[in-house]
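Novice: Sequence:
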Amino acid sequence: MSEEQSTPKTPPGPQPEEIRFFGTTWVNHDNGYGARRAGVAVGSLAAAVAGCFVLRFGYQGLEIADVGGFVNILVVVMFAVCSAIAFRKTWEGFVRRPADPAREESLRSLKAIGFVGSLLAYFFRSLTEAPGESLRRAEYETALERYEKRRGTRTGNPAARKKPKPKRK
1 MSEEQSTPKT PPGPQPEEIR FFGTTWVNHD NGYGARRAGV AVGSLAAAVA
51 GCFVLRFGYQ GLEIADVGGF VNILVVVMFA VCSAIAFRKT WEGFVRRPAD
101 PAREESLRSL KAIGFVGSLL AYFFRSLTEA PGESLRRAEY ETALERYEKR
151 RGTRTGNPAA RKKPKPKRK
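Using the UniProt record's numbering, read the sequence shown as starting at 1 and increasing by one per residue.
Just so you know, the hints here were simulated from the structure itself, not pulled from any lab data.
Watch out, some of these pointers could steer you wrong.
What follows is a list of derived Cβ distance ranges for each label pair [as the list claims (entries may be wrong)]:
no., residue 1, residue 2, range
1, P11, A138, 19 to 29 Å
2, E139, G68, 49 to 59 Å
3, E141, G34, 13 to 23 Å
4, G69, P98, 37 to 47 Å
5, G34, D100, 29 to 39 Å
6, I73, S106, 23 to 33 Å
7, V76, T10, 14 to 24 Å
8, A65, P98, 34 to 44 Å
9, V76, A143, 12 to 22 Å
10, V71, T24, 46 to 56 Å
Pairs of lysine to aspartate or glutamate residues, derived as EDC-like cross-links and limited to a Cα-Cα distance of at most 16 Å, are as follows [said to hold, decoys possible]:
no., residue 1, residue 2
11, K89, D66
12, K111, E92
13, K89, E104
14, K89, D100
From a predicted model like this one, the values you see are computed outputs, not experimental measurements.
For each residue, glycine too, the CB sits at the ideal point set by N, CA and C.
Generate coordinates for the entire structure from the input sequences, incorporating the hints supplied.
Specialist: Structure follows, in structure tokens:
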């Protein structure tokens, strides 16, 4: 079998962007899209619960070490604030692209500390759609409209058009 026959040809025009765990099934909601969404919801909730247990074990370690009430409160407040910020930033990432990617990159460690918030945002968003689907759908539909508009304005080969004859005086 030749290489041309073995690789499927991509259709002309813009291609949809893949979403983690969903690929491009979000476009037509096919190939197990509903099952994937349910799996993502259950998986992200289970990971958030497991993360809470890990944080609880860490807190118990602080209690055993008897580091003091101030440090215990400080750790709880830090994880709560980081989780809230991570939730908000993750949720905003599903709705629009970041205006400043460098700032988002600088918040990466904060989002890692508040991983429970990110997992909960992923869980709640997957209850209604694939996380980031509305953003990517809007971008994809805009790209398709632009592509169709460009293709529609072109009629034939412009080089083959007849040139007007010069006027004689």
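Novice: All the hints need checking, so say for each whether the structure fits it.
Specialist: To see whether the hints hold, each was checked on the structure:
no.: 1; hint: P11 <-> A138: 19 to 29 Å; verdict: 20 Å, holds
no.: 2; hint: E139 <-> G68: 49 to 59 Å; verdict: 51 Å, holds
no.: 3; hint: E141 <-> G34: 13 to 23 Å; verdict: 22 Å, holds
no.: 4; hint: G69 <-> P98: 37 to 47 Å; verdict: 38 Å, holds
no.: 5; hint: G34 <-> D100: 29 to 39 Å; verdict: 35 Å, holds
no.: 6; hint: I73 <-> S106: 23 to 33 Å; verdict: 26 Å, holds
no.: 7; hint: V76 <-> T10: 14 to 24 Å; verdict: 51 Å, violated
no.: 8; hint: A65 <-> P98: 34 to 44 Å; verdict: 39 Å, holds
no.: 9; hint: V76 <-> A143: 12 to 22 Å; verdict: 46 Å, violated
no.: 10; hint: V71 <-> T24: 46 to 56 Å; verdict: 48 Å, holds
no.: 11; hint: K89 <-> D66; verdict: 34 Å, violated
no.: 12; hint: K111 <-> E92; verdict: 13 Å, holds
no.: 13; hint: K89 <-> E104; verdict: 9 Å, holds
no.: 14; hint: K89 <-> D100; verdict: 12 Å, holds
Going through the hint list in order, the structure does not satisfy hints 7, 9, 11.
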